[in-house]
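Novice: Chain by chain, the residues:
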Amino acid sequence: MANIGVYIERYTLSRSEEMGALMKLGQVAHMQGHRLDFLFRADMYKIPHYDAIFIRALTDPLNSSYIASCLAELNGLRVIDDTNSIIICCDKVNMYRHLKKAGVPIPETVFLTEADLNIKRGIELIDSLGAPLVLKAPNSSFSLYVERAYTAEEFVRIGKKYLRRADLIVAQRFVRSEFDWRVGVLAGEPLYVCQYLFPKKRWKIHNYVEDGKEIYGNVKGFELSKVSSKLLDTAVQAANAIGKGLYGVDLKQVGDQYVVIEVNDNPTIAEDEEDQKAPHIYDRLIHYLVGDKSRDDIPLKEVILHNIK
Amino acid sequence: MSDENCFVNLAGNYDYLETGYYASQEMEANGKIIHPTCKEILDSSVVPVFLERAQQEGLPVPEYYITNEYFEPPVIVDSINPFMTRQSVVLKNGHQERVAKSLTRNYTYAICCQILPQGARIGEFRSVMGWCVKPRYLPLSREVWRIFRMPLALVRVIILEDGNLMLSRLQELSYSKLSPAESRYIESKVQWQI
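Line by line, the protein sequences are chains A and B. Letter by letter, the first sequence follows residues 89 to 397 in the numbering used here. Letter by letter, the second sequence follows residues 82 to 275 in the numbering used here.
So here's chain A without its partners, still in its complex pose (with noise of 0.2 Å):
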């Protein structure tokens, strides 16, 4: 038996969806005879007394989450997502650096500094990787802080508007996709994969209007087995070139190929949306978390009769 803690904030129960997870999570867990109690900041003292810890909170190097994956770290647990994985995968440089050193197919890829953003540098780039480009900054997430330039202007606009955040943000190529793919790879083993449906008139899965709105698009399921061998084997790659934890990894589909998009740790793990057509999520995280390699192909169904018996 294991003790296993799932380190939360409290705005990580603000989705029914997300807490339907979690719920699933346990009740694996317990049914396979392991523990697992929800953690919140004023529990962090506790974090050394567990087996493994799985963070369901926002990662970034700077915020609590990342206390918790080191004291993890740093008392032996098994944990998800490591130090590392928040490292590479909060600052798309530092992840995009990792991407393009494993071979990973990614838009073009520039980073770009103050020096850069001025309209001669603006014209250049729009020449080069054509327009609209796309600009990030380094730690953005949930779709915020990426943006199209269309012109040189806008680039010199937007870009500074970001070099608030970084002394280095991205500039890509916009690829126009016909489908786009998150695929959820825990361990180097593709985990889920479903399609995050763009809300009508957007560009991105994401989006915020102008009275602070959230607009989100819808998720749909897929089993592993019915999607291309090579999506699956692209988003390994790219999850391999981070580590070995839990990742989403987002690509476009432009023809018969695939393009990584980002790679992110902490991905959404949200009832009836990435689980749809893979319910052995929550079997195969547990057992990566108690660190049974033996069962991991054994799909939920079968665990769950087999503990009922």
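Possibly wrong hints are sitting among the right ones.
Here are the simulated lysine-lysine pairs, PhoX-like style, with alpha carbons at most 25 Å apart [unchecked claim]: (1) K332/A <-> K189/A; (2) K248/A <-> K308/A; (3) K134/A <-> K112/A; (4) K113/B <-> K188/A; (5) K134/A <-> K258/B; (6) K332/A <-> K365/A; (7) K120/B <-> K270/B; (8) K332/A <-> K258/B; (9) K248/A <-> K314/A; (10) K189/A <-> K340/A; (11) K332/A <-> K318/A; (12) K314/A <-> K340/A; (13) K189/A <-> K113/B; (14) K215/B <-> K173/B; (15) K270/B <-> K189/A; (16) K332/A <-> K270/B; (17) K318/A <-> K188/A; (18) K113/B <-> K270/B; (19) K188/A <-> K340/A; (20) K188/A <-> K120/B; (21) K208/A <-> K248/A.
None of these hints come from the bench; they were simulated from the model.
Please arrange chain B on chain A, whose structure you already have, making use of the hints.
Specialist: What follows is chain B alone, placed relative to chain A:
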């Protein structure tokens, strides 16, 4: 660990996502052995992680806890969030609410509270690649370099009533602010590659 055949990033300011931080990241990406690495920077600058690592290495640190609201003086309070790096020393009752509200951004983010032992005071020293002008701090400076691999740091310490020291925090020490003696020490240890 040998100090030879490695690169040392002497920016002094290693703030997350800023030039000094990216200098280390670029060297790491190019496969060079560099100190501090991005992880070394973060593990030194996030106060509870710094304290935990120091403690595991057997170095003296104060008791601490993480909260986003209630704490009891006397404490040193450090913010933990991506938007500010601030600290406050609260010695007496009556100021907790104001300090907590300010450093947590309205109780949203965490703070780290280090308990100040009775009669203790707060001091600091400059650690330059494991060396310090003041001999009193030399052993701790050596440890800071050995464990955390931070070549330049302003080290906050708690000085106990009996004169013993506790590590409390590592802070920025810019290369441009080094004294002539500190610069000479650096020159004796490195070969420049710009």
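Novice: Work down the list of hints and note, for each, if the structure agrees.
Specialist: Now for the hints, and whether the structure bears them out:
1. K332/A <-> K189/A: Given that 25 Å is the threshold and the Cα spacing comes to 17 Å, the pair holds.
2. K248/A <-> K308/A: violated (37 Å)
3. K134/A <-> K112/A: holds (23 Å)
4. K113/B <-> K188/A: Holds, because 17 Å separates the two Cα atoms, which is no more than 25 Å.
5. K134/A <-> K258/B: Violated - the C-alpha atoms of K258/B and K134/A are around 41 Å apart, more than 25 Å.
6. K332/A <-> K365/A: holds (23 Å)
7. K120/B <-> K270/B: holds (23 Å)
8. K332/A <-> K258/B: Violated, at roughly 41 Å.
9. K248/A <-> K314/A: violated (44 Å)
10. K189/A <-> K340/A: With a Cα-Cα distance of about 20 Å, the restraint between K189/A and K340/A holds, given a limit of 25 Å.
11. K332/A <-> K318/A: holds (20 Å)
12. K314/A <-> K340/A: holds (17 Å)
13. K189/A <-> K113/B: Between K189/A and K113/B the Cα gap is close to 14 Å, so the pair holds against 25 Å.
14. K215/B <-> K173/B: violated (31 Å)
15. K270/B <-> K189/A: violated (32 Å)
16. K332/A <-> K270/B: violated (38 Å)
17. K318/A <-> K188/A: Measuring from Cα to Cα gives roughly 18 Å; hence the hint holds.
18. K113/B <-> K270/B: Measuring from Cα to Cα gives roughly 18 Å; hence the hint holds.
19. K188/A <-> K340/A: Measuring from Cα to Cα gives roughly 17 Å; hence the hint holds.
20. K188/A <-> K120/B: Since the Cα atoms of K188/A and K120/B sit roughly 20 Å apart, the hinted pair holds (cutoff 25 Å).
21. K208/A <-> K248/A: Holds - the C-alpha atoms of K248/A and K208/A are around 15 Å apart, at most 25 Å.
The structure fails hints 2, 5, 8, 9, 14, 15 and 16 (numbered hints given earlier, in ascending order).
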